[in-house]
Amino acid sequence: MVDFARLSALRDTVAIVGVGETDYPQDYGRARRGERCQDAYGYAAAAFRRALADSGLERRDIDGLVAGPALAGERLGEVLGMDVRWADQADAVQAVLKAAMAIHSGVAECVALVYGNDQRTGGTAYGGPNAMGGERHLAYTYYAPWGLTSQGALYALLANRYLAVTGLSERELGGVAVAQRAFARLNPNAVMRRPLDIDEYLNGRYICEPLRLFDYCLVNDGGVALIVTTAERARRMDRPAVLLSGIGRSDHNREATSLRPRLEYFYRPAQRQAADQVYAMAGMGPSEMDVLQIYDSFSIHVPLALEGFGFCADGAVGKLLSSGDLGPGGPLPVNTSGGHLSGSYMQGWGHQVECVRQLRAEAAGRQVPGARNAQYISDVAGKVTSLIYRRAGT
Amino acid sequence: MTTTHRPAPRRGVFDEPYWRYAAAGELRVQRCAACGGLRYPPGPSCPECLSAEHEWAALSGRGSLLAWTVFHRQYFPGVPVPYIVAAVRTAEGPILIGNIVGAAASDLTHEMPLTALFEDVTTADGPLRICQWTHPDDRPHREEQA
Ligand SMILES: [Zn+2]
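Line by line, the protein sequences give chains L and X. Using the working numbering, the first residue of the first sequence is number 1, and each one after it goes up by one. Using the working numbering, the first residue of the second sequence is number 1, and each one after it goes up by one.
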């Protein structure tokens with residue numbers, strides 16, 4: 001059973017004090033022109049320089065380093081010229097969790113989380129004979145004789161069943177891509193800034209039916225870095241501190257390759273479990289969230305998260321998606337930077353940065369007025385995680 | 001489905017019997033000798049009771065359509081699009097993946113009954129017999145392919 005008293009000892013004890021991202025649209029343009037002048041470490045270093053400057057800390061203050069999944073920790077430390085007393089490797093949400101636990105335990109005081117990826121110029125394949133991730137997700141490669149490949153196709157199978165069971169229409173699902181594009185148009189650092197309406201969405205070609213081009217994330221190069229430290233230290237710094245208030249996690253892997261939890265339960269039991277924990281630890285509920293960032297390799301992640309975390313009743317999500325409530329000016333703003341679909345595909349790392357920018361009221365034209373609490377929700381193949389951040393002093 | 005050259009299966013140590021039975025036109029999965037639970041894909045032990053003892057049990061070849069997708073993007077050079085990939089809930093419980101043959105996507109409905117049949121295909125590693133699914137009404141004139 002979850003020991004909430006123990007878990008809550010971690011609440012609000014660590015803070016994000018610096019964030020940095022690379023120039024996504026410019027790098028995307030260079031990649032489209034066939035120019036290749038950066039690698040994953042170059043993007044990582046560029047983002048780190050910005051995060052460090054943003055925090056106001058010196059490089060020598062950093063005593064912990066977490067490298068993103070596409071980076072080798074040794075080479076990253078070498079490139080950044082950093083010797084540290086604690087290091088690890090992690091995906092976006094695990095990076096934040098590991099840093100929080102390291103700081104809370106005292107093995108590090110100030111941790112840099114650094115991500116870099118040259119997936120576009122480097123030609124990373126997300127399906128087909130050389131699909132990445134097959135060593136971690138058997139279902140990516142096991143059914144190749146039948147032509148089944150790519151996480152997108154697995155989510156298309158889910159969407160096929162989910163639409164039938166819930167009555168969600170393709171037009172309603174299109175509300176996700178349309179709302180996120182509207183936010184991307186307000187973000188100068190988003191890759192896709194052309195207008196997108198529901199008709200253009202519906203005219204988009206299918207990749208794996210019922211998912212269309214606009215339901216799929218971008219594939220672009222870039223880097224993201226965050227600086228995490230103790231809440232006490234953060235309070236002595238100039239910037240508004242963003243505190244980590246809640247952590248929820250649930251890994252449901254039984255029958256993962258057979259796709260049963262995906263197709264029969266839509267991973268809902270795992271989402272409910274993670275939701276219970278994150279809200280109990282933070283002492284808050286869905287109605288107190290001002291901004292949501294949802295991991296969106298595919299649009300279908302958004303309705304799954306909204307239902308699974310209690311933002312709407314089961315079966316009511318279609319109306320919510322098509323209402324415009326998730327977009328700019330709406331009461332439930334989701335993926336305010338444009339997300340993976342229209343902003344930048346940094347595998348959840350950019351979502352953490354956007355939480356920080358919103359809570360610091362630095363999101364300019366896409367700012368959610370008065371945002372005090374922000375929640376991140378990620379569900380990749382039944383590995384569900386959620387974080388709640390809040391602005392210190394509120 | 002007209003296919004020139006399919007990807008070869010990934011063959012771990014526990015997969016060999018599955019493909020050997022398939023080559024003989026038999027659809028079999030592992031059945032736990034301790035608790036009777038069926039499991040697929042093949043693996044070292046029973047996820048229910050952790051027993052490693054098992055036998056290869058024949059399935060009836062009856063199932064129903066759980067979900068499907070139509071591939072419009074071509075990922076494998078030897079597999080032309082469009083094609084249908086389906087998740088089939090077998091009568092015995094395990095979920096299997098296959099292509100739907102003898103039906104168009106517009107003919108498909110959730111929970112429709114399906115019947116297994118075997119199709120001979122070629123892969124980079126040589127000929128392969130794979131389990132596919134079709135509507136029962138389609139079976140009489142398809143069976144000769146098996
Ligand atoms: Zn057993």
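Incorrect hints may have been included.
To be verified - Coverage of chain L stretches by chain X, computed from C-beta distances (three or more under 8 Å per stretch; other residues unrestricted):
1. 10-23
2. 34-44
3. 194-207
4. 336-346
Unchecked claim - What follows is a set of in silico ranges between Cβ atoms, one per label pair, in the way DEER data are often shown:
5. L:Pro188 to X:His5: 45 to 55 Å
6. X:Pro113 to L:Gly330: 35 to 45 Å
7. L:Gly29 to X:Glu55: 38 to 48 Å
If you're looking for bench data, these hints aren't it; they were derived computationally from the structure. Built from N, CA and C at the ideal position, the CB exists for glycine as well.
To see whether the hints hold, each was checked on the structure:
1. 10-23: Result for this restraint: violated, n = 0.
2. 34-44: violated (count 0)
3. 194-207: holds (count 3)
4. 336-346: violated (count 0)
5. L:Pro188 to X:His5: 45 to 55 Å: About 47 Å separates the Cβ atoms of L:Pro188 and X:His5, which means 45 to 55 Å holds.
6. X:Pro113 to L:Gly330: 35 to 45 Å: 44 Å, holds
7. L:Gly29 to X:Glu55: 38 to 48 Å: Check failed, 60 Å falls outside 38 to 48 Å.
The structure does not agree with the numbered hints 1, 2, 4 and 7 stated previously, though it agrees with the rest.
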